[in-house]
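Chemist: Sequence:
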Amino acid sequence: MDFELSSWPKDDNLWILRLLCIDFFQLKLIKVMVVLYIIFNVLLLLIQTYLFLSVFEIDFFAIYSPYYFAIFYIILSLGQTLLATHLNGDALRSVQLWKVQNVDEENAKQIKLEIRITTIYAIVNAVFALFAGVLYMLPSENVKKMCFPLVIIQKYAPYWKDELSLLYMAGYILIALAMVANCNQAIYTTCHFRIQIYLVKSAMKELLHVKIRNSKDVCKLLRTKEFQEDFKVKMAFVIKRISGIIKEGIKLNKQMNIYVMLFAVCACLLAMGVMLFFLLAMKLDFEFGLKEYLQIVTTAVAGLSTFATVIISGQKVEDIMEEVRYMWASLPWYVHNYENSQVYIIFLGILTKSYKIHFTEEISLNYRLGVAIARTLFSTLFAFLQLINLDRS
1 MDFELSSWPK DDNLWILRLL CIDFFQLKLI KVMVVLYIIF NVLLLLIQTY
51 LFLSVFEIDF FAIYSPYYFA IFYIILSLGQ TLLATHLNGD ALRSVQLWKV
101 QNVDEENAKQ IKLEIRITTI YAIVNAVFAL FAGVLYMLPS ENVKKMCFPL
151 VIIQKYAPYW KDELSLLYMA GYILIALAMV ANCNQAIYTT CHFRIQIYLV
201 KSAMKELLHV KIRNSKDVCK LLRTKEFQED FKVKMAFVIK RISGIIKEGI
251 KLNKQMNIYV MLFAVCACLL AMGVMLFFLL AMKLDFEFGL KEYLQIVTTA
301 VAGLSTFATV IISGQKVEDI MEEVRYMWAS LPWYVHNYEN SQVYIIFLGI
351 LTKSYKIHFT EEISLNYRLG VAIARTLFST LFAFLQLINL DRS
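Everything in the sequence shown is counted per full-length UniProt numbering, starting at 1 for the first residue and increasing by one.
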């Protein structure tokens, strides 16, 4: 029953995603750049907030609010790469990952599929995020009028506006990667946890499978001390492994709770900012060229793919824990002696609890949350469209 431990991150099957969302932000140069961009964006946020409050004009707010809403997510994304990236690695080290080997055919297919899909997602998501970052480095005249940092640079540093604007916009490549990195870290870690649960399911099939042909076999097994002792050891091994994974998952969930809540709020603000930008562009009859349409497409693909994948990852955690519960409940409990039966029933009661990635007691990372967020965004979009139609009429 000795399963070979994996040396993380050396034997990482998801190394491409780890490289993009964790390792990249551990480089010293990148950390320095992140700190500088956080400071700069916080200063801009404070200046813009002061102007909104001191001299509030609806036109001023309408033009600059899209970037204002987006900057909250930018600051949080950059800050999280410095403060919380290590938590994912700590959790994976603590859970002591098993190597993907000696797996039954069914679970082997599931693991290979998880790794393949996650790797493809990581590459596609990074390409679109980088492409979007490069496109935002070269803003159109319309965007320059709405991007508050560029307006500040042009107003207070006219002689250096080109150089300073280029320096600021160059950071959009880093910002683009940071804005998807945080969700990708959650996807990366939950995928590893799911792979470990698939390995446990395979171990359960191998270790706890009992061949029973008739009632005579049941009676014989109940009286066989060697079988009961062997089953007790195997059952304890499986329980210890499942409990360890659940414990580390709950611990990481609690550590990340504050970040998850902040990201949920800031993501809604970001979506509102993006919608405001395009609605304002419609109202002011902005002319969209190829570059603008490419910005829309790349931003939408990167954002929606990240959102959809992180929601699916959370839902799959629930689903696979349900599979473990069902598999445990399907074990032939009637061949256990009294002691083994007590242990079996107690752990079945533990597995009966629903294991989810919680934000609060009522909100979890699953399909229900995805639908709720989508409804909120569409309701907000509909309200904005109504306001624009009223204004035009």
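The hints are simulated quantities; they were obtained by calculation from the structure and are not laboratory data.
One or more of the hints may lead you astray.
[As the list claims (entries may be wrong)] Below, simulated DSS-like cross-link-like pairs (lysine-lysine); rule was C-alpha separation at most 25 Å, straight line:
hint: 1; residue 1: 109; residue 2: 99
hint: 2; residue 1: 247; residue 2: 234
hint: 3; residue 1: 225; residue 2: 251
hint: 4; residue 1: 161; residue 2: 144
hint: 5; residue 1: 109; residue 2: 205
hint: 6; residue 1: 247; residue 2: 161
hint: 7; residue 1: 291; residue 2: 316
hint: 8; residue 1: 112; residue 2: 10
hint: 9; residue 1: 240; residue 2: 225
hint: 10; residue 1: 240; residue 2: 144
[To be verified] FRET-style restraints, in silico, Cβ to Cβ:
hint: 11; residue 1: 93; residue 2: 120; range: 20 to 28 Å
hint: 12; residue 1: 112; residue 2: 326; range: 16 to 24 Å
hint: 13; residue 1: 230; residue 2: 254; range: 34 to 42 Å
hint: 14; residue 1: 348; residue 2: 255; range: 24 to 32 Å
hint: 15; residue 1: 333; residue 2: 102; range: 25 to 33 Å
hint: 16; residue 1: 144; residue 2: 101; range: 53 to 61 Å
hint: 17; residue 1: 240; residue 2: 7; range: 35 to 43 Å
Just so you know, even glycine gets a beta-carbon here, dropped at the ideal spot from N, CA and C.
Chemist: Next step is simple, just say for each hint if it's right about the structure.
Modeler: Verification of the hints:
| no. | hint | in the structure |
| --- | --- | --- |
| 1 | 109 / 99 | holds, 15 Å |
| 2 | 247 / 234 | holds, 20 Å |
| 3 | 225 / 251 | violated, 38 Å |
| 4 | 161 / 144 | holds, 12 Å |
| 5 | 109 / 205 | holds, 15 Å |
| 6 | 247 / 161 | violated, 53 Å |
| 7 | 291 / 316 | violated, 37 Å |
| 8 | 112 / 10 | holds, 18 Å |
| 9 | 240 / 225 | holds, 22 Å |
| 10 | 240 / 144 | violated, 58 Å |
| 11 | 93 / 120: 20 to 28 Å | holds, 26 Å |
| 12 | 112 / 326: 16 to 24 Å | holds, 22 Å |
| 13 | 230 / 254: 34 to 42 Å | holds, 37 Å |
| 14 | 348 / 255: 24 to 32 Å | holds, 28 Å |
| 15 | 333 / 102: 25 to 33 Å | holds, 26 Å |
| 16 | 144 / 101: 53 to 61 Å | holds, 56 Å |
| 17 | 240 / 7: 35 to 43 Å | violated, 21 Å |
Comparing the model with each earlier hint shows violations of hints 3, 6, 7, 10, 17; every other hint is respected.
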